[in-house]
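Colleague: Produce the complete structure using the sequences and hints provided.
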Amino acid sequence: MASTRQNPILLALLILAVPMGALAQLSEEEILPLPQWQPGDAPMASPEISDMQPPPLLGLLPSLTPGPNDSALSPTTRPDTILTPLLTQDTGENSPAGVGYRSANLSTFLPESLLNSGRPPAAPPHTPTSASMLKDVDAEFLRLCSVSPASELLIDPLGLITEVLQGDLERFLNFHSQEARFPLYIVVLKSDEKLPADADLSVMASGGIAKKPTAVLAYPIAEPWRARLFLPKLAHDSASDAFLKELLEACVTEAMSSPETDEQLHRFCVELSTRLFWLEKLCPIATTTEKPLATDPHLQEVVSEASAPASAPASLVTVTVPPTGDPVLRWVVFVLCLLAAIGTAIWHWMRSWKRSKARRQLKTAWILPERDLPQRLGGAFSGGAGAWTRFR
Amino acid sequence: MKCPHCSTTIEARQPACHKCGFSLAAMQPFFGDQWVRLERLTDAAHCLRLADRHKAEMTLDDLERAFPQVFVAFYFGSLPPVLNPQEVAFWLINNGAFSTPQISKRNEYGVVCVVDPAAGTVGTAIGYALESLLAETAPTMILQAMVPALSHAEYGGAIEAAATSVSDLLRPLAIARPITQSLSPGPHAGSSAADYGLHPLRSGHRQTDSTPSPSRQRR
Ligand SMILES: [Zn+2]
Chain H
2 MASTRQNPIL LALLILAVPM GALAQLSEEE ILPLPQWQPG DAPMASPEIS
52 DMQPPPLLGL LPSLTPGPND SALSPTTRPD TILTPLLTQD TGENSPAGVG
102 YRSANLSTFL PESLLNSGRP PAAPPHTPTS ASMLKDVDAE FLRLCSVSPA
152 SELLIDPLGL ITEVLQGDLE RFLNFHSQEA RFPLYIVVLK SDEKLPADAD
202 LSVMASGGIA KKPTAVLAYP IAEPWRARLF LPKLAHDSAS DAFLKELLEA
252 CVTEAMSSPE TDEQLHRFCV ELSTRLFWLE KLCPIATTTE KPLATDPHLQ
302 EVVSEASAPA SAPASLVTVT VPPTGDPVLR WVVFVLCLLA AIGTAIWHWM
352 RSWKRSKARR QLKTAWILPE RDLPQRLGGA FSGGAGAWTR FR
Chain C
15 MKCPHCSTTI EARQPACHKC GFSLAAMQPF FGDQWVRLER LTDAAHCLRL
65 ADRHKAEMTL DDLERAFPQV FVAFYFGSLP PVLNPQEVAF WLINNGAFST
115 PQISKRNEYG VVCVVDPAAG TVGTAIGYAL ESLLAETAPT MILQAMVPAL
165 SHAEYGGAIE AAATSVSDLL RPLAIARPIT QSLSPGPHAG SSAADYGLHP
215 LRSGHRQTDS TPSPSRQRR
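Protein chains in written order, with this note's numbering: chain H, 2 to 393; chain C, 15 to 233.
Please note that a few of the clues may not be correct.
[To be verified] Capping the alpha-carbon separation at 25 Å, the derived lysine to any residue pairs in SDA-like fashion look like this:
| # | chain 1 | residue 1 | chain 2 | residue 2 |
| --- | --- | --- | --- | --- |
| 1 | H | 191 | H | 179 |
| 2 | H | 358 | C | 82 |
| 3 | H | 364 | C | 190 |
| 4 | H | 364 | C | 82 |
If you are wondering where the hints come from, they were derived from the structure by calculation, not from laboratory data.
Modeller: Here it is in structure tokens:
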């Protein structure tokens, strides 16, 4: 009976306790003021979130937030830039604070690569450099090119291409040089730079270009249409202008099929290598008299006006070095051909003259007069006229 | 003219050498007095290659076509040691019936060359008609043309050289006449020379020979 009398009391206490607790919580919230979120406050959350430090556990992982020494990071990989699209996608319909926290936490706890997966960094479209903005590479660049080892077929003194592409290209160029008659050197330029008109390619690669017939490609990053191709004179003269024009255009077209600057260079090289193999088949067989080709008289640039897009201001109309030996060579060839023609004509004339003479003689009988001599030594037909000798 | 045997000068109509007694009759102990049938090229020494022989035949054809009266014959073989090739050539031209395409050629217009490859000697004899036209040094010049080839055992080349030399020597002495088309026999023509009472061998045509020996008539 006692328990039954206490139960109503406890029940009454419980009923009273609920409103009292609510009153107590309400009073506590009034004591601790929390930020009051207003619709226009969402962007302000970002700096605060990005300033949050990762939990101590993540200290073993690479820092995902930019530190004071992370200026080398590309803007496209900075976490704040990653966050920006997520935040800007939010509208007032959702809770700005909640979405903001969730995104910020993901960026903080997930490795960067996972956040970037399936979403390649969007490179800004390259604007062709106008002709007036093009500048010659400086002397230091040329010096670095000249001291580059002859064995390094990829000359990129400024480190303009990524390490991965550099390895790929070096392997590819080495393979090409082993299989092809003319090794291919590639000089990588900045997108707004060009080779000076008086650049001496023969000194590049520690003179490796001058030691043997080589092809040289001067390639401005991101502007394949301004690439300049220099071929050994033998190869240049062996192919028709149309062939060389198509060669260059095919390389540019292949390169331009990719928006990635690295991929452009890679595609350009692969296409160029293939075309150079074709070009070799047009070249006469090498002889032992084939001399090492210096740049000036022997390297000739492939010129193709059509290869440059309309927006590209610089075309490849300039021929770098006029072949000074050509007029003399042409005269020698002309004289030799003339002499050969004269000799052939004389030979034909003499042969026909001999034949006609032989025909004439065949149609001619030579009649000797008849005279009689008195017999001698008892011979009816010969009197012993003659001679004899030893031949051994 | 010199004696073929001792090189003593021989006068016209002299029947034998005054010094050594050389004459055609003196050759009878070696060859007899019979006529012998000879090809233009007689290779008793078997020193001519087939190609050389074919080429030489064509050369001799050309020569005989250009000089219808003339023939050149060659004998390659070993000779008796006591005879020189000129003596043998002298006997052959007087006792040989040479098979030439034109059987009507007379031996007076012949040149006979005798080569002894083993002994390394070469001699020649020419008929009276050619002797009367050519200089006395002509036979020597013919031999001189042959010697370079003979010294290299190029017997075909020696034949070519001799034929060329003979042509060159005779052409200035000859009169050029165009060769007319060969005559075709008419309906009443005979089928052989015998039908016309002609002897096919070169015999009996020399009227000055007062005593033509019947034995020279080979057939
Ligand atoms: Zn005598």
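Colleague: Failing hints, ascending?
Modeller: Going through the list in order, the structure violates hint 1 alone and respects the others.
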